[in-house]
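K.L.:
Okay, here's what each chain looks like letter by letter:
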Amino acid sequence: MPNLLTIALIPLLPLAGFVLSGIFGRRYIRQHAGWLGTLLLLGSFVLSLSTAYDYFFVYGKTDGVYQTLVPLQHTWLAFSDKLSIDMSLVIDPISVMMLIVVTTVSLMVHLYSLGYMKGEERYSTYYSFLGLFTFSMLGLVLSGNIFQIYIFWELVGVSSFLLIGFYYDKPSAVAASKKAFIVTRFADLGFLIGILVLSYYSGSMDFQTMIARLTSPESNEVKSAVAANFLGVSALSWGAALVFMGGAGKSAMFPLHIWLPDAMEGPTPVSALIHAATMVVAGVYLVARMFPVFALTTPAVLEMIGWVGAVSAVIAAVIACTQTDIKRVLAYSTMSQIGFMMFALGVSGYGGEAGLGYTASMFHLFTHAMFKALLFLGAGAVIHYVHSNEMKDMGGLRKYMPVTHATFLVACLAIAGIPPFAGFFSKEEILLAAYHSNPAIYYIALATSGLTAFYMFRLYFGIFWNKPYQSAATGHDSHSHGEGGWVMMLPLVLLGLAAAGAGFIPFGEFVSSDGKALASHFHIAFSVAPVTLGLAGILLAAWMYYRSGNQPDKMAMAFGGFYKAAYRKFYIDEIYLFVTKKVLFNLVGRTAAWFDRTIVDGFINLTGNTTLLVSERIKKFQSGKVQQYALFFLTAAVLLAALFIYVLK
Amino acid sequence: MNEFLTLMKSELVLTGIIFLLLFIKIGKGIKNESLLPLIQVLLLANFIFGFFLNQPGRLFGDMFYTTPVIAFQKNILNLGVYLISLVCADWLRKTPHLPEFFLLMLSALLGMFFMISSANLLIFYLSLELATIPVAAMANFDLEKKRSSEGAMKMILSSAFSSGVLLFGISLIYGTTGTISLPLLGERLDGSALQILAFIFFFSAFAFKLSVVPFHLWTADVYEGSPIAVTSFLSVISKGAVAFIFMTMLFRVFEPLHATWHLMLVILSIATMVVGNIFALRQQNIKRFLAFSSIAQVGFILVALTGQDYRYHMNSTAVIYFVLIYIFSNLAAFGVAAVVSEKTGRENIDDFRGFYKNNPFLSWVLALALFSLAGIPPTAGFFGKLFLITTGASDANYWYIIVVALNLIVSLYYYLRLVRAVFMDKNESAAEAVPVNAPVRLGLILCGAGILLTGVLSWIFDYIHSL
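Protein sequence lines, in the order shown, are assigned to chains F and Y.
Just so it is clear: in the first sequence, position 286 is 419 by the numbering used here, and no numbers are missing.
Just so it is clear: in the second sequence, position 203 is 525 by the numbering used here, and no numbers are missing.
Hints should not be assumed to be uniformly reliable.
As a list, the in silico DSBU-like pairs of lysine-lysine whose alpha-carbon atoms are at most 35 Å apart [unchecked claim]:
1) Y/LYS665 - F/LYS251
2) F/LYS311 - Y/LYS748
3) F/LYS311 - Y/LYS665
4) Y/LYS350 - F/LYS303
5) F/LYS312 - Y/LYS748
6) F/LYS303 - Y/LYS665
7) F/LYS525 - Y/LYS748
8) Y/LYS353 - F/LYS312
No lab work stands behind these hints, which were simulated from the structure alone.
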């Protein structure tokens with residue numbers, strides 16, 4: 134059985150880091166907060182590794198099936214006799230996998246930030262926020278209870294709000310953190326309602342109980358949840374869809390993705406942590422956590438998830454082709470890749486071979502975390518070097534930043550799906566799963582993976598080749614810090630190794646929808662199309678961006694309006710602005726103001742006139758309006774009485 | 323005799339304190355500096371004593387009754403008054419008539435105790451008046467300020483009017499049922515048109531005290547004019563007490579008219595939340611802002627009253643729990659506003675821009691309070707709202723719950739607007755460091771601890787539910 138202390142320590146160590154640097158950081162351990170946080174996280178990482186080893190190879194398997202283990206179960210709030218909120222920790226294949234992902238990436242980011250954030254005024258604050266975020270994310274991953282997940286979900290939101298807005302003297306950073314907070318809060322409201330609906334009908338908030346009760350079609354819970362309907366859709370589907378809405382908000386799925394590109398205002402290592410590997414995949418994790426409910430009871434919602442994922446994947450890929458800010462390219466690429474994970478879940482079935490999509494999705498989550506974190510950290514090193522986010526300020530950097538160049542190339546090959554790098558294996562599985570169950574999504578995905586190769590290599594050639602590097606500053610003296618110290622290079626190299634080799638992990642052995650091992654098999658013939666498309670994308674990018682020239686402009690001209698639309702991110706931000714500013718403000722705000730001015734004030738004036746005589750006398754008391762209040766009072770009482778006695782009788 | 327002493331112990335202890343203050347006033351008089359700590363200690367002792375010797379029973383020919391739940395409700399109010407004596411200490415110390423102020427406040431509290439315990443319309447009416455008239459006098463306590471007098475005047479006139487309507491309703495109820503004993507009354511209601519009219523008049527008096535839209539018009543003027551100690555008493559203690567008795571009246575006495583009051587609550591709660599929110603959005607003065615937002619909060623309390631679970635105490639548990647949390651949150655917010663207004667004279671939201679720079683402690687307390695009022699986890703306010711809305715949702719009226727949820731988002735916006743002003747906005751003329759005295763600091767820390775712990779410590783909710 135798992136050791137409770139070990140597992141509890143995994144999230145508690147980063148929390149200790151948060152508390153220590155939060156309280157003592159400013160005064161006592163200002164310079165050491167970074168090392169303190171990194172060492173604590175190293176502890177967490179080692180414990181995660183040992184937990185994973187023990188779970189997968191020692192005690193996790195019974196009769197060839199990975200069990201869901203609950204080392205801690207504590208009744209926290211007894212809501213009613215049958216419904217209570219528990220605090221529990223859960224150990225199963227996906228939570229263990231996520232432990233590895235979160236602690237690995239977080240450790241790399243901690244280490245990297247030692248160099249990147251050096252000399253920052255609020256250095257210790259930064260590390261305390263990192264600790265808080267890591268704690269919340271690990272808590273989210275380990276939650277065995279939907280309500281507990283919601284609490285950590287909000288904590289993750291808050292800590293990412295703090296991190297995105299870290300440079301709080303920059304107005305754009307403040308605006309971005311606010312936008313992220315509001316958009317995800319909006320989605321979280323749906324999530325909360327979904328939780329309430331599902332727990333109301335299933336009578337439990339515990340995942341295992343909830344899933345058991347909601348997946349057997351004969352159970353009373355399912356019957357009552359299907360019978361109740363709202364706007365023609367059953368309560369069960371509403372609940373599942375609303376829970377997904379929460380996930381879509383966090384995972385930046387179309388159309389709730391608008392906060393992600395702006396969130397790039399945060400420090401770059403933060404983007405690597407939050408917007409590549411951890412928080413943004415929380416939505417995918419949530420869907421995977423409740424997967425049996427989606428797959429067995431509400432297949433329609435699952436299909437919707439598939440389509441949302443596919444649409445997000447392709448839209449984000451097109452937009453990524455046109456952006457010039459390298460972090461924004463990576464942001465859209467993240468959204469596109471998460472779209473892959475989402476639709477892989479959407480096309481998956483439950484159990485056995487049909488569950489390939491589930492395994493593929495989790496596999497891609499794992500490999501993507503490695504190479505995307507690497508890409509962000511690499512981009513961070515580049516930005517650190519040239520002091521700009523714009524591609525036009527870069528080019529020819531391969532000579533000056535050899536380590537970054539090599540690792541970035543590995544990551545690009547991985548994301549483009551070129552064998553034998555990690556992304557190839559996970560993406561092949563996703564495509565295979567889609568091919569078997571939903572051909573339309575398969576073709577969308579195929580086209581998207583070609584686009585992926587193109588925009589990633591556009592980025593790669595734009596940064597490292599293209600034109601010879603010319604520093605904006607005078608001479609190269611301003612770059613005396615070079616690529617950054619070993620603390621910045623080591624994470625790049627380690628993640629580079631992971632991005633190159635993670636694909637060879639026999640993932641289906643460990644993670645599958647029903648816990649049984651799933652053999653992954655490759656068909657060379659099947660891989661031909663995506664790999665060819667990927668190579669074509671790379672060649673196109675090389676032709677356009679290997680040297681600086683006018684091919685890109687010609688290309689943009691050829692696509693004309695489409696290019697412009699994509700460059701403007703398909704005007705989605707403008708649509709939101711239009712809806713909120715114009716429609717909401719004018720329709721609702723103006724109407725409310727008009728109502729207030731004309732009806733409410735008018736009514737008061739009217740009642741005031743009728744009592745003018747009385748009011749003249751009492752005006753000596755400086756009150757003037759109190760008799761109107763009384764009249765209003767009486768009118769309301771009489772109207773209510775009339776309403777209830779005559780109209781609603 | 324023994325029964326008399328135990329059942330009425332809350333009232334008796336309070337009366338004892340009132341008399342003590344009276345003697346102090348008549349005698350030589352003690353300086354405020356030494357009197358205030360004495361009063362604070364007495365109120366704390368009163369609160370602690372409130373946990374002991376709580377037995378159910380009836381007195382005075384069934385006109386007065388008490389149960390552990392009622393004793394707990396009274397003790398929540400005791401706690402609130404104790405916290406007010408702490409967080410408003412700056413203003414209290416300066417007021418020239420300190421003993422009178424507490425005489426009035428504790429008399430009003432005594433009225434509320436009798437009101438919560440009343441099992442007879444006569445006692446109810448008398449105690450309601452006892453709970454109202456001293457507050458009007460308190461509202462007038464800033465003697466040199468014209469607005470204070472104006473607020474008091476408006477309050478006493480409006481209250482008199484509402485009492486008139488209430489008495490009319492009571493007399494009609496007596497006319498149709500022939501009794502003023504509440505348990506008998508419940509059995510004799512048949513839902514005739516005259517009874518509905520009587521009930522609505524009766525109901526409007528509660529709506530008035532709770533500032534339910536459209537009976538709320540007096541609220542903003544009175545809140546703005548009164549000293550902050552009085553405003554916080556009105557918005558927290560008064561509201562809490564009336565919510566408690568309102569709940570009992572609806573669930574126990576007027577249960578036969580359930581169909582009527584249920585729909586009425588749905589309509590009025592939406593009106594209350596919407597109007598409270600819209601007005602709170604526009605306020606610049608922090609006291610008016612808190613006043614309107616407290617109107618919106620009352621709307622959420624009404625939501626819980628609409629739920630179908632009232633036969634199983636779920637509604638009453640949710641409301642009591644929420645009032646407890648609301649006391650902590652609102653008193654923390656008012657406390658910070660009181661300190662700042664007393665020391666710097668700043669009362670506008672714009673004055674709070676960049677407040678964090680020199681006042682981290684006050685800023686964090688204010689932020690906690692606002693988070694809790696807005697219902698953001700993990701503060702207690704989240705759990706309070708959660709239970710309120712879940713009980714409301716037990717009615718399966720989803721459109722209604724969606725409207726409630728949208729209102730919740732709007733309230734989130736304006737509470738966070740203040741938080742943003744405090745923490746993020748730059749301000750050249752940001753407030754200087756405001757000194758915080760020991761009692762105020764203690765009060766704010768207690769409120770902050772309450773906000774953080776009440777939600778997380780599950781046994782508090784369980785304890786209320788088990789009563």
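K.L.:
None of the hints should be skipped; say for each whether it holds.
P.N.:
To see whether the hints hold, each was checked on the structure:
1. Y/LYS665 - F/LYS251: violated, 41 Å
2. F/LYS311 - Y/LYS748: It holds: about 16 Å lies between the C-alpha atoms, which stays within 35 Å.
3. F/LYS311 - Y/LYS665: holds, 32 Å
4. Y/LYS350 - F/LYS303: Violated - the C-alpha atoms of F/LYS303 and Y/LYS350 are around 61 Å apart, more than 35 Å.
5. F/LYS312 - Y/LYS748: It holds: about 19 Å lies between the C-alpha atoms, which stays within 35 Å.
6. F/LYS303 - Y/LYS665: holds, 32 Å
7. F/LYS525 - Y/LYS748: holds, 34 Å
8. Y/LYS353 - F/LYS312: violated, 54 Å
Hint compliance for this structure: hints 1, 4 and 8 are not met, and every other hint is.
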